[in-house]
Structure formats: C-alpha cells, structure tokens
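Undergrad: All chains, please: the whole structure from these sequences, using the hints.
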Amino acid sequence: MAGAQPGVHALQLKPVSVPESLKKGSRFMKWDEDSSTVTPVTLRVDPQGYFLYWTDQNKETDLLDITHIKDARTGKCTKTPKEAKLRELLDVGNLVGRIENKMLTVVTGPDMVNITYLNFMAFQEEVAKEWAEELFSLASNLLAQNMNREPSLEKAYTRLKLQPNQEGRIPVKNIFRMFTADRKRVDTALESCNLPSGRVGICLANHSNFLEHQVLRCCFCWMIGVFKS
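The UniProt record's numbering puts the first residue of the sequence shown at 1, with every later residue one more than the last.
Calculated from the structure, these hints are not laboratory results. One or more hints might be untrue.
With a straight-line Cα cutoff of 27 Å, these simulated DSS-like cross-link-like pairs (lysine-lysine) come out [unchecked claim]:
(1) Lys59 to Lys129
(2) Lys85 to Lys23
(3) Lys70 to Lys24
(4) Lys161 to Lys173
(5) Lys161 to Lys184
(6) Lys155 to Lys30
(7) Lys23 to Lys184
(8) Lys14 to Lys161
(9) Lys155 to Lys70
(10) Lys161 to Lys30
TA: See below:
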C-alpha cells in the first residue's frame with residue numbers, strides 16, 4: 001500500500017516500584033498443610049523489591065527472592081485448608097465472607113514444573129487482593145529479571161540485612177552461605193575488605209554505610225573472581 005509505514009513496536013520497561021503498604025507490611029496468618037501449623041507473621045517487601053519476607057512473633061525472619069515467584073493468587077484459585085485442625089486454628093468457622101477471598105497463595109520455584117506453595121491468610125479481603133496483585137506485578141517486572149552488576153550487589157547486601165541475629169547484627173556465616181562454592185576465596189575477599197573472616201560467631205554491625213561499602217566490595221571481589229584460591 002502506497003505511503004504505508006513499517007510498524008514499530010516499542011516496550012518501555014518500568015522500574016520496580018514497591019507500594020508503601022507492602023514496605024510497611026501487613027499482618028497475616030501463615031499456615032502449612034503438611035505440618036498443620038499456623039504462625040502469625042508480618043509480611044513485607046523491601047524498598048527495592050528484591051525480597052518478600054515475613055517475621056514471626058519471635059523476630060525470626062524468612063525470605064523469598066521475588067524473582068522466584070511464578071504466581072500470587074487470591075480468590076477461587078487459592079489453596080484453602082482442608083484439615084479440621086488447621087481450620088480450627090485459623091478460626092475458619094467464624095470468618096465473615098468467603099475464606100478463599102482472604103487467602104494469599106504464593107507459587108514459587110526455579111521453573112514452572114518444580115513449584116511449591118506458600119500459604120497466608122489475611123484479616124481483610126482487600127489486603128489479600130492488594131498483595132496478590134502487587135506481588136505478581138513485582139515478580140513479572142522485566143528489569144528485575146535482568147539486573148546488571150550494581151543492583152545484584154545491592155540485592156546480595158539486602159539479603160544479609162534482612163536476616164540479622166537477635167542483636168540486630170549480621171553473622172559472618174551468612175556471607176559464607178551466600179557463596180558456598182569456595183570458602184577459601186570468600187575468606188580472602190573478606191580479609192581484603194578488612195572484614196571478619198574464618199571465625200564462627202563474629203558478627204558485623206547492621207545498617208552502617210561503611211559496612212555496606214565493605215560488604216558490597218567483598219561481594220564484588222567474589223563475583224568478578226579477583227582472588228584466586
């Protein structure tokens with residue numbers, strides 16, 4: 001056709017944006033059908049949108065890499081407790097409205113076949129709906145799925161900050177857990193950055209700009225393979 005212009009298709013990638021409500025956190029009941037346990041937790045997302053994490057009443061924190069989330073559901077597609085003990089612990093009999101509308105099911109795994117389910121119950125339907133929508137949006141963000149070096153280093157340090165010990169400090173052993181392939185190289189990188197190394201129980205002060213710089217430098221040394229064992 002005369003005057004026809006070739007089609008141009010452009011996709012503008014949007015940066016990760018975490019809603020304030022997810023950063024502040026919401027109360028949920030985390031339940032596990034295999035162990036028949038129910039745990040009150042506060043569910044949060046870090047400001048950069050790297051991790052979904054939850055803290056129980058004992059201040060113990062577990063986390064999940066958001067890029068591993070395959071789906072986040074509420075409503076009729078969620079998992080609901082079938083066992084009588086679980087339903088009693090969740091006080092299902094006294095719930096107002098449909099139970100599935102308060103459920104949040106997070107589907108996670110390395111691929112679409114090997115998946116596991118994390119089950120949470122919100123206290124309000126609108127909370128479950130917001131978390132399902134926002135988590136799926138964060139998990140499907142293309143920029144988050146294809147990070148360059150600097151955000152990757154920041155993500156590594158964020159993981160450490162989110163799992164401090166009871167004194168709020170970062171255990172050195174957590175750094176070794178991040179790089180399990182070659183402990184000697186990790187030791188060398190830590191020593192190079194003037195950080196404690198090779199001594200179980202030594203901890204680093206959390207939320208320090210100097211520490212952040214040093215830990216990121218250590219991670220950088222490891223990732224680019226500057227030190228050879």
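Undergrad: Checking against the hints above, which ones are violated?
TA: Violated hints: 2, 7; rest satisfied.
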